[in-house]
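First to last, the sequence lines map onto chains A and S.
Quick note: the first sequence, position 81, residue 81 per the numbering used here, numbers continuous.
Quick note: the second sequence, position 20, residue 20 per the numbering used here, numbers continuous.
What the hints contain is simulated information worked out from the structure, not anything from laboratory work.
Owing to the predicted nature of the structure, the values given are computational and were not obtained by experimental measurement.
Please note that the accuracy of each hint is not assured.
What the hints assert, rightly or not - Here are the simulated lysine-lysine pairs, DSS-like style, with alpha carbons at most 27 Å apart:
no., chain 1, residue 1, chain 2, residue 2
1, S, Lys20, A, Lys140
2, A, Lys20, S, Lys137
3, A, Lys265, A, Lys45
4, A, Lys45, A, Lys173
5, A, Lys103, S, Lys247
6, A, Lys163, S, Lys30
Protein chains: 2
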Amino acid sequence: MNIKEVIKENATLADNYISKALPAADEDFKIIFDAVRYSAESGGKRIRPMLTLEFCRMCGGADEDALLLATALELIHTYSLIHDDLPCMDNDDLRRGKPTNHKVFGEDVATLAGDALLTYAFELIASSNLSDSVKIKAIKALSYNAGIHGMIGGQVMDMLGEKTPLTPDGLYKMNRLKTGCLIKCACLFGLYAAENTTSVKESLYADAEKYADGIGVSFQITDDILDVCGDEKLLGKPIGSDSENGKTTFTTIHTVDEAREIAKKLTSDAKSAISGYDKSERLIELADFLLSRQS
Amino acid sequence: MNIKEVIKENATLADNYISKALPAADEDFKIIFDAVRYSAESGGKRIRPMLTLEFCRMCGGADEDALLLATALELIHTYSLIHDDLPCMDNDDLRRGKPTNHKVFGEDVATLAGDALLTYAFELIASSNLSDSVKIKAIKALSYNAGIHGMIGGQVMDMLGEKTPLTPDGLYKMNRLKTGCLIKCACLFGLYAAENTTSVKESLYADAEKYADGIGVSFQITDDILDVCGDEKLLGKPIGSDSENGKTTFTTIHTVDEAREIAKKLTSDAKSAISGYDKSERLIELADFLLSRQS
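Looking at chain A on its own, in the form it has when it is part of the complex:
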């Protein structure tokens, strides 16, 4: 199987698990269950669940445990997109080619659907069959990385950056928080899931974080490059939106060629961090895939 096939297979596993894990509807207020399902089931590539799955497999853990934690994290990612799209935030009408949650269900329901997904992520972990220590590690990591010192902080920096341009250091920090934190958490979740049934090499915690940091920033740089010179058809959205919004990106503080070199270097660092471990091939191929992607 090549890496694209692996990504697709893992995405299907994640899609199926997520669909089953969503809360059962109460007919007295069904609309919010529909709203939650609408966004949670319109998945994309499911890169974060794949990171959790592959780190767990690398350590000899069980897919079932990885999928539980991956789902919780993906629900957090989903809520953040719903709230991000709201008129008071980015005011987007489309997400992955479909009308955004508030366009279908209204702003009030969309706000509450985001809140519900965020809350349910923690319920899912706390009510699972994972061991107590794994549950607590996971909840600690997820609440921190998705929270005010993590993803939410990054969103605020991004918003502030639209008024006052970010410094180069500020840009790195914003990206580490906004997208990097959840990517790091997804990698750690693979190790925590494995801990539920086996033991994980101590050094891997720090090395998984290094890998996550490399692919996280590289991922964002590639996004920024695609926004300048990507193919609109492949991307499924118009290019040039960042410069229209006057955003500071890796292509405003670097030339495109420089940015490409930095992304390559970060990807190479990410791969080195884990290449010494058995069964790290898929994660290495994934890092290369993310660098070369056209959408």
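With chain A's structure known, arrange chain S on it following the hints.
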């Protein structure tokens, strides 16, 4: 000390604990920390923290443990008020006589401040010194009662009720979910906090829930009565807003006298549920206070 003094003393304990427990600011995006603190520190009577404290004390537990869980729950209550006040929801400009969060910080920051408080509540519990089993019980109860089958579900029913009047059964259910679930959770949190250092009588779990259910619905009925015939000066807000919004309340499905009788009966049931336990006096006095309150 009379019950009003006890309420005030407990509120001060909660206020102080909450102020210290809030996340330390990052100067690069200080605005969200200010927004979080603005709402979390503008407290009100802190009835929910008091329930946690007094149930914990009744069982011989430690105030410190009760305050930790009470704070997590109060942050959830706070986030729900911030999101409730947003223009796309109730569109309120004032909360407890102060401008609402989005009026001061903008809708985007207010939305994220709510998200941050919600997320931080779980971080606070997961990172605390409580035992693993108490942490997990607490996170399970909080995520369920604040979630789609609890408080959020109640908010959706409330919204839907503005379009299609609720049935009497629907009204009870909406209130049990919207306000009752967090009140129940606050009472259970007192028992969980006590469990951290001592053992709790098994029967008390069900009896605390009965108490919570009685005072929860009674609390809402009293609110509805005050909205019809309260004193605007004491309430600090205009009366009659429910009927203006065409809302189904306990005073639209009952006469005010009938509603008063139901609230009395529920309060009496609540008191009976716990009167057989040692040191239940304060909780009994609190139930009476909540019934007779003028604001």
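Here is how each hint holds up against the structure:
no. : hint                 : in the structure
1   : S:Lys20 to A:Lys140  : holds, 19 Å
2   : A:Lys20 to S:Lys137  : holds, 23 Å
3   : A:Lys265 to A:Lys45  : holds, 24 Å
4   : A:Lys45 to A:Lys173  : holds, 25 Å
5   : A:Lys103 to S:Lys247 : holds, 26 Å
6   : A:Lys163 to S:Lys30  : holds, 15 Å
Going through the hint list in order, the structure satisfies each hint without exception.
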